[in-house]
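**Q** The chain contents come next:
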Amino acid sequence: MSDVFTVAPEEMSPERDAVLALLGIPAGTLLGDRIERLYTHATGVLGETIAPRGVIAEIEGEAFDAVYAGDGKNAAETPVALVSHRAEFRALFAVTLGEPLSRAVAECFTGADFALGYTLDAMASVAADAAAAVAERRFAGTLRERGWATADGAVLRYSPGYCGWDITGQRRLFAALQPGAIGLTLNDSCLMQPLKSVSGVLLAGPRTIHRFPPTFDCCARCAERTCRDRLATLFAGAAH
Amino acid sequence: MPPLTDLADAVIRGDHPQAGALTREAIRLAIEPKTILDDGLIAGMTVVGDRFRVHEIFLPDVLLAAKAMYAGMDELRPLLIRDGVPSLGKVVIGSVKGDLHDIGKNLVGIMLKGAGFDVIDLGHDVAPEAMVRTAKEQGAAVIGMSALLTTTMPVMGEVVSRLKAEGMGGTVRTVVGGAPVSEAFAREIGADAYGFDAGNAVDVVKTLVGRR
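Residue numbers (this note's numbering), protein chains in the order written: chain A, 3 to 242; chain B, 77 to 288.
Where hints are given, some of them may not hold.
Claimed, not checked - Under 10 Å between C-beta atoms, here's a sample of chain B residues computed to sit facing chain A:
| id | residue |
| --- | --- |
| 1 | P93 |
| 2 | Q94 |
| 3 | I118 |
| 4 | K173 |
| 5 | G174 |
| 6 | V231 |
| 7 | E234 |
| 8 | K240 |
| 9 | M244 |
| 10 | G245 |
Unchecked claim - Where chain A lies over chain B, by a calculated footprint (3+ residues, C-beta under 8 Å):
| id | stretch |
| --- | --- |
| 11 | 156-164 |
| 12 | 186-192 |
| 13 | 264-271 |
Since the hints were derived computationally from the structure, they do not count as laboratory data. Here the structure is a predicted model, which means the values were calculated and not measured. Heads up, the beta-carbon is just placed ideally off N, CA and C, and yes, glycines get one too.
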């Protein structure tokens with residue numbers, strides 16, 4: 003059974019340093035007045051146009067394996083396969099910030115408000131990640147309400163297109179999750195519309211299940227390395 | 077020529093109302109449109125580009141400057157057309173078929189225009205035949221392609237193959253870019269060049285058309 007939800011804007015306010023990083027501005031940089039004004043303007047537009055929604059559907063291990071297999075294009079060994087087999091619970095999920103925001107970004111560019119459009123796009127990317135983090139917390143909360151009491155239990159998300167899960171995996175994920183309920187569609191290239199959306203699997207278990215050595219073939223090709231940051235949030239203050 | 081120095085400064089500051097007003101003033105003073113373009117608008121954008129390259133300013137600053145340049149170009153464009161002033165060259169750009177991401181492609185287009193190129197932006201989800209046909213009809217020197225998905229990258233190769241099949245491989249050069257794209261991929265599909273970001277894409281296109 004699917005859990006369709008809306009995300010409160012205060013739960014996913016984009017972190018300033020993350021937005022600035024996407025704009026190519028190092029953390030701690032003192033911004034000039036005009037960039038500060040631009041940032042404030044973009045924050046206002048984001049608040050007016052964002053309409054975040056999400057859907058979560060728990061899935062059993064074998065059923066997830068079938069979804070994960072996708073079009074058969076995953077690497078033989080991947081972090082997603084490793085972690086999913088260690089997980090106690092799994093759920094497919096998708097979150098979207100909605101079409102009005104994507105339209106607002108596009109209109110900025112057609113109206114020559116390039117800087118505003120670019121800043122708004124960066125904010126939206128960070129907000130989409132924050133919305134996905136809301137899905138993680140929501141699934142963890144649901145499990146705990148059901149009595150999940152694993153010590154150091156943690157939920158992390160993994161998405162097609164990352165960690166060895168080929169992006170064509172979106173097709174089976176969408177077929178199983180049916181995120182049309184929140185206005186999400188998939189095109190022939192496995193691209194989600196609206197663009198500012200995140201989908202994937204939520205994997206729950208002791209936090210150590212999410213540890214993997216970055217030695218998979220896909221790790222060598224990965225330019226993002228965000229897994230390190232995500233793991234760091236799980237083990238903050240603890241010895242790794 | 078102080079009005080043009082002021083115009084360049086307005087572009088550098090990203091002051092679009094002032095850039096538009098100073099362009100109108102320069103036109104009123106009967107300064108040649110090509111001179112206004114080169115010594116005012118492009119001169120300003122060149123300074124902005126140089127400062128961006130050495131990290132003195134950031135991309136939002138460049139985009140504010142571009143808006144100012146566009147305000148000047150809106151005033152100047154009819155006169156440039158009337159005088160038949162040539163651009164640095166025509167560049168057809170687009171995000172390839174199946175790809176709806178166009179922020180990166182937009183940045184490339186903005187910076188190419190800022191450098192003096194005539195940019196024909198076909199938008200996103202552009203079929204290979206549309207890119208090749210437009211380049212042929214418009215007499216473009218370069219096709220610039222963007223992809224943000226591994227699933228859409230092969231379309232870039234289709235464009236390159238189609239150009240060659242139509243005998244345009246030697247006249248229309250190709251440049252590719254986007255997060256999953258690499259120099260090695262560009263070589264693999266036979267593209268002429270790879271641009272790692274919007275600023276670099278401008279340098280690469282200048283090289284392709286022999287303007288560097």
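**Q** Does each hint hold? Answer for all of them.
**A** Outcome of the hint check:
1. P93: With Cβ-Cβ at 13 Å, over 10 Å, it is violated.
2. Q94: With a minimum Cβ separation of about 13 Å from chain A (threshold 10 Å), the hint on Q94/B is violated.
3. I118: violated (17 Å)
4. K173: holds (8 Å)
5. G174: Since chain A brings a Cβ to about 3 Å from G174/B, closer than 10 Å, the hint holds.
6. V231: For V231/B, the interface hint holds, since the closest Cβ of chain A sits about 9 Å away, which is under 10 Å.
7. E234: For E234/B, the interface hint is violated, since the closest Cβ of chain A sits about 13 Å away, which is over 10 Å.
8. K240: violated (24 Å)
9. M244: violated (26 Å)
10. G245: At about 26 Å, which exceeds the 10 Å cut-off, the nearest Cβ of chain A leaves the hint on G245/B violated.
11. 156-164: violated (count 0)
12. 186-192: violated (count 1)
13. 264-271: violated (count 0)
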